[in-house]
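Peer 1: Listed below are the residues making up each chain.
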Amino acid sequence: MKIEISNGRIIDPANQLDEVQSLFIADGKIVAIGTAPAAFNADSIIDASGQIVCPGLVDLRAHLREPGEEHKGTIASETRAAARGGITTLCCPPNTHPVIDTPAVAELVQRHADAAGFARVFPLGALTQGLAGSAITEMHALKTAGCVGVSNAMQPLGSTLILRRAMEYAATHSLTVFIHAEEAALANNGCVHEGAVGSRLGLPGIPIAAETVAVAATLALVEETGARVHFPMLSSERALQKIARAKYDGQPVSCDVSAHHLHLTEIDLLGFNSQCHVRPPLRTQRDMEGLRKGIANGTVAAICSDHQPHEADAKLAPFGATEAGISALETLLPLALRVVDDGVLPMTQMIASLTDQPATILGVEAGTLSPGRQADICIFDPERYWTLDSNSMLSRGHNTPFLNWEMKGEVTRTLLGGKTVYECT
Amino acid sequence: MKKKNRLQLDDNGKLKHFLTIEGLNRQLLIDILDTAESFTSVTEQTVKKVPLLRGKTIVNLFFEASTRTRTTFELAAKRLSADVLNINIQASATAKGETLLDTLRNLEAMHCDIFVVRHADSGAAHFIAQHVAPHISVINAGDGQHAHPTQAMLDMFTIRREKGEFHKLNVAIVGDIRHSRVARSQIHALSMLGVEDIRIIAPKTLVPTEPDAFGVHVYHDLREGLRDVDVVIMLRLQKERMRGASLPSEHEYFQLFGLTEEKLELAKADVTVMHPGPINRGVEIDSAVADGPRSVILQQVTHGIAVRMAVMSMAMQSHLPDTAEGAR
Numbered sequence: 001m002k003i004e005i006s007n008g009r010i011i012d013p014a015n016q017l018d019e020v021q022s023l024f025i026a027d028g029k030i031v032a033i034g035t036a037p038a039a040f041n042a043d044s045i046i047d048a049s050g051q052i053v054c055p056g057l058v059d060l061r062a063h064l065r066e067p068g069e070e071h072k073g074t075i076a077s078e079t080r081a082a083a084r085g086g087i088t089t090l091c092c093p094p095n096t097h098p099v100i101d102t103p104a105v106a107e108l109v110q111r112h113a114d115a116a117g118f119a120r121v122f123p124l125g126a127l128t129q130g131l132a133g134s135a136i137t138e139m140h141a142l143k144t145a146g147c148v149g150v151s152n153a154m155q156p157l158g159s160t161l162i163l164r165r166a167m168e169y170a171a172t173h174s175l176t177v178f179i180h181a182e183e184a185a186l187a188n189n190g191c192v193h194e195g196a197v198g199s200r201l202g203l204p205g206i207p208i209a210a211e212t213v214a215v216a217a218t219l220a221l222v223e224e225t226g227a228r229v230h231f232p233m234l235s236s237e238r239a240l241q242k243i244a245r246a247k248y249d250g251q252p253v254s255c256d257v258s259a260h261h262l263h264l265t266e267i268d269l270l271g272f273n274s275q276c277h278v279r280p281p282l283r284t285q286r287d288m289e290g291l292r293k294g295i296a297n298g299t300v301a302a303i304c305s306d307h308q309p310h311e312a313d314a315k316l317a318p319f320g321a322t323e324a325g326i327s328a329l330e331t332l333l334p335l336a337l338r339v340v341d342d343g344v345l346p347m348t349q350m351i352a353s354l355t356d357q358p359a360t361i362l363g364v365e366a367g368t369l370s371p372g373r374q375a376d377i378c379i380f381d382p383e384r385y386w387t388l389d390s391n392s393m394l395s396r397g398h399n400t401p402f403l404n405w406e407m408k409g410e411v412t413r414t415l416l417g418g419k420t421v422y423e424c425t
Numbered sequence: 001m002k003k004k005n006r007l008q009l010d011d012n013g014k015l016k017h018f019l020t021i022e023g024l025n026r027q028l029l030i031d032i033l034d035t036a037e038s039f040t041s042v043t044e045q046t047v048k049k050v051p052l053l054r055g056k057t058i059v060n061l062f063f064e065a066s067t068r069t070r071t072t073f074e075l076a077a078k079r080l081s082a083d084v085l086n087i088n089i090q091a092s093a094t095a096k097g098e099t100l101l102d103t104l105r106n107l108e109a110m111h112c113d114i115f116v117v118r119h120a121d122s123g124a125a126h127f128i129a130q131h132v133a134p135h136i137s138v139i140n141a142g143d144g145q146h147a148h149p150t151q152a153m154l155d156m157f158t159i160r161r162e163k164g165e166f167h168k169l170n171v172a173i174v175g176d177i178r179h180s181r182v183a184r185s186q187i188h189a190l191s192m193l194g195v196e197d198i199r200i201i202a203p204k205t206l207v208p209t210e211p212d213a214f215g216v217h218v219y220h221d222l223r224e225g226l227r228d229v230d231v232v233i234m235l236r237l238q239k240e241r242m243r244g245a246s247l248p249s250e251h252e253y254f255q256l257f258g259l260t261e262e263k264l265e266l267a268k269a270d271v272t273v274m275h276p277g278p279i280n281r282g283v284e285i286d287s288a289v290a291d292g293p294r295s296v297i298l299q300q301v302t303h304g305i306a307v308r309m310a311v312m313s314m315a316m317q318s319h320l321p322d323t324a325e326g327a328r
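Residue numbers (my numbering), protein chains in the order written: chain A, 1 to 425; chain B, 1 to 328.
Next comes chain B alone, as it looks inside the complex (with noise of 0.2 Å):
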């Protein structure tokens, strides 16, 4: 794990490159939410800007389709100040390999300070941040079945907002964790925050291999998995990863492990329900409950910006010249 380490923080351990949860630690995770809510407001004013990044430039680089991911982060970047570029390459074979840096080496002379990277391959942003100029930080806005942390510390921020602390809290995570970066980044950020009680519930077919290296309880019934729960996390049903004969219908996981209103009423009175997005109404989640009064889903997506803004701007303080480091 260290070379993560390494690769993600700079020698005076702040955020150079937003990659995986992994390997980062809870005191800055902390950070991270408290900067995210300092920027709250700035989304509440009538001017929705701050001037922290103007002159930065940022590139959003999406080798994969993504609509909400992709206009969170440019309007994160713009609330900052900074300039946006995005750039959607569909991955296609020759998208890969030498054509991957060669498009990093051609905005790298563009003089662009910020990549916000999503894509289809696993460690497609450790890639890049293994060979981008020192000047660029590189954040990852999902790849493969990896990582995509900013989903799960927006995640964290609305348990926070919702329950203000984390070590007591049961937290239940329902549907394909298997072939889920958003599922493993959250569980990560979890446990890093000190949730003792992280639940995954999924039929066989979609959990991950050695769930216990995760460090969480696994169930295969919704109804038994759900008692007592504080927070329950609904993932969508990501057809397009399936490979192979994972589930028999919509219809059949709908009733097993589709939330309902009544299934909802074995977790506690006050439990919060969330959603990454987008929603397959009636496959993994009842409308009553994700229109309810429980679903905290819209303010997951508001949420989002700010804490893309606690990060790129975070980022961008680890460049900062040591002169202004050593001033303070």
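Here chain A stands alone, though its shape is the one from the complex (with noise of 0.2 Å):
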């Protein structure tokens, strides 16, 4: 099967490339951009004039909710989901029930997702049994088994000494671990940020602080373990400061941000919408404004789209008694071209906090359009505008506050390995 995606405009920052060109795949692998092969005959031709090529989207963080809690959503659903967003690789947390914390676990999420065919799937393996905080896991057994990083999802460990050994024998295996900043004793199960809207609400409120000190205990653990870190989803500037000056120094961490913190502030939350219920909590107008900067100025690696859907009861409750999170990985995309057109940065370099560089976070061969590669390919339109609505989402969870909204740019095709996952009808 050879396929010329015709005439558009291929992005590709990997390769630093940026022109209006044919790309040719065959047998599922990129052959070639600009010039055919020779003997190159097209079986298909998809024409792409006046819409963007770029490298499938990278996802650092999706859950997928299988196994486990199937009534929110399953790897087929959430994968299919994700076609239809552009991502054609995604990273989900080892939160699961049970845990992924065994190779028998992280071998069926990738089973299950081989046999959907929408989406790479790679997992995060527990850091410790059960995501209980005292005793660490096999990691190598679940490296062996799938697994690119390890990480404890958003459970607490017992104590810094148990994150010190963890992060050494993560290390002894080349496994990136995978920390969320949120020191528990701190956030208190505070539900919101901590802050003028919190307080007026009378929720209880997340600081800043929460996230700075375990950014700061882990940032000295790197010091002493040289254990690579990613922290993923930081919600503050002061914690961006701490990690730009972590990376100046050159220690081995990253992190990245979510799409909805870069759109959305502590005053959304007013009348109690819980469907802005977010683990880390939406904070100030200045934070997210800094977390816009950090994916300007390089803090910030990528942006994830936190994608956790939900049965339409989780919502249905008082905000402190719902859950959090939003099915997000249908709005990734424009909500970060968004921040393209707001001027925060140019289109190349959000294409590549969506491809190659957390692509690069795992470890994972995805993310460029170099020849030989997988042919993982998301094609977009930048200028078509659309709106969000529940009946159309292809995510098992309708939970967004973004339903509703005009979205400008969106995904006319995907292909995984040369083959159309999704196709905008």
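Worth flagging that the hints you see were computed from the coordinates, not collected in a lab. Ideal Cβ positions, reconstructed from N, Cα and C, are used throughout, including at glycine. Take these hints with a grain of salt, some might be off.
[Claimed, not checked] Computed from the model, here is a short list of chain B residues facing chain A with C-beta under 7 Å: (1) D83; (2) D121; (3) G123; (4) H126; (5) F127; (6) R181; (7) P208.
Join the two chains into one complex using the hints; note that each chain is given alone, in its own frame.
Peer 2: What follows is the structure, given as structure tokens:
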């Protein structure tokens, strides 16, 4: 099967490519960009004129809910939603039921993803058994079973000693440790940012210090252990300052932010809007701008969806009793593009933070259009307007504060290994 | 804030739900006070009833324990000739989410007219108001640390009776402001009614985050904060709300923030002392002050009935059919 994607604006940040060209695919792999290889007779031609052709997006954090919470979503339903969002590679955290703390569960997740065939799924293994925060997992076995890193998800560790040992052991096996920067004692069962809005609404707050204390403690242990650490979803400007400093000092650390933290602030909580109940919480305007700046100046390596589909009932309760999270795969790209439209950073840099840079953090072969690579490709029309409505969502979870938002930029086709897994009709 | 406006007021700007003081307006607060004033005579008659809400059913839906608030709501409803149903559902893991909605659906099916709701979660009354059938009014009797608007209004009623006007007053609120829904509602009501100098007095551990957003002056020294105040509102030290190490001991708290006759000397000579109850004698207030001539603590309880009658009758008025509206 030979495919030509013709006349699209091809953006491949890893190869510093941004020009209108044609791209050629044979046997599921990219074979050339620009000039067709000798004797290339395309079986099908995809006209991409007026559209952007970029590597399939790489999402560092998407909860697929399987195994264990299939009423919220399944690997098949959620990876299909990913394909609609132009995402071809995603990383899922280990907080499934059972937890991904054994090779069996890690393999099950990948097997189901392969069977569904919409996206490549790379699991994170649990840092501690059952995510209970005390005994470390068989990280070597997890790595062999396909885990690309280890994480304790949102669960606290018993002590900084356990964190230190876990980091040392992960470093032994060259596994990146994904650390959710939230000091549990300071978070104190809060559910919103500790600030003016939370104070007004009488909702228990999570102070910025819960994040900065966790970042600082972890960074101190990075210096001690040499472990490679990635901080998912930082929410505050102050935490980014610490990361920037550590990177400047040459520490092996990186971080990402979620797309919703680039658009929403604590103000959006007014009226007790449970769709805005997320963790880490939405913080101030200043933090939101700090996160945007962090992507532009390179402190933040990636933008993730932090996809968390829920059944409707999970959000139908008084604010504090609702479950946190947004169904976000289908809005990752347009929300990122909106930041480009706001003039924060150029398109190529934004695409880098959705493709090549997160792939590097995972250490997987994805996120570029280099000849020889799997033809995982996202084609989108950057000028097309569309409105997010719950009936058209492919994710099983329709929980999103962005319902009825007018989005600019729509995925028209997604290819996984040269096969069309989504096409906009 | 617009959202709240829409939720609490009907198309004619009348009170439909009473969830929080925020988003209401000065005139509406004054209407509540005036209506309450007209009901005070009812509670002093030998036959303490008016037929305003005859045939209406009011449900006291209490997910959190309360004696005083529930009782005064019940009395207020009965004096308006309504039927009253008291339902106590101790907040447990199962009394949340689906169960809460299911409870509402069941009560709706029994054709009730007003839900008086107390719940441990901030925003619970909003949640219920957003999901009940349109013929039902929701009155917030305290939600988490968010709001307790009828308590605030009975306090405003008491202040107006004692002082007449609001705008020249200095009012101090002392104690655990951070965890207090009463304080939040009082601050909004005082500022909406024109009080310019609202002070909160507490150690830093009990001051809410970003107090500037409330438009109050913060004091950490009781003596300094009490200087020349017209009204001092003492809050109950809500031990059950304390998370973590907010205070070293009741003893030190009383020494620094407990109201005594001696400290009260710093306030204006005709200072009014208030407390939403129940009182912790010797913790936040000395018995001599609580029972003294400047205390109006028991009057507050009495006024609570008239104010709750006012709020319930006003909320029911918003449900009058349009034809009746047009006939006026």
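Peer 1: Compare the structure with each hint and give your call.
Peer 2: Against the structure, the hints:
With a least beta-carbon distance of about 27 Å to chain A, the hint placing D83 (chain B) at the interface is violated under the 7 Å criterion. Hint status for D121 (chain B) relative to chain A: holds, with the closest Cβ pair at about 4 Å, below 7 Å. Hint status for G123 (chain B) relative to chain A: holds, with the closest Cβ pair at about 4 Å, below 7 Å. For H126 (chain B), the interface hint holds, the least distance from its beta-carbon to any beta-carbon of chain A being 5 Å, beneath 7 Å.
Contact between F127 (chain B) and chain A, as hinted, is supported at the beta carbon level, the nearest pair being about 5 Å apart and thus within 7 Å. For the restraint placing R181 (chain B) at the interface with chain A, the shortest Cβ-Cβ distance is roughly 6 Å, inside the 7 Å limit, so the hint holds. Because the closest C-beta pair between P208 (chain B) and chain A is about 5 Å apart, less than 7 Å, the hint holds.
Checked against the numbered hints above, the structure violates only hint 1.
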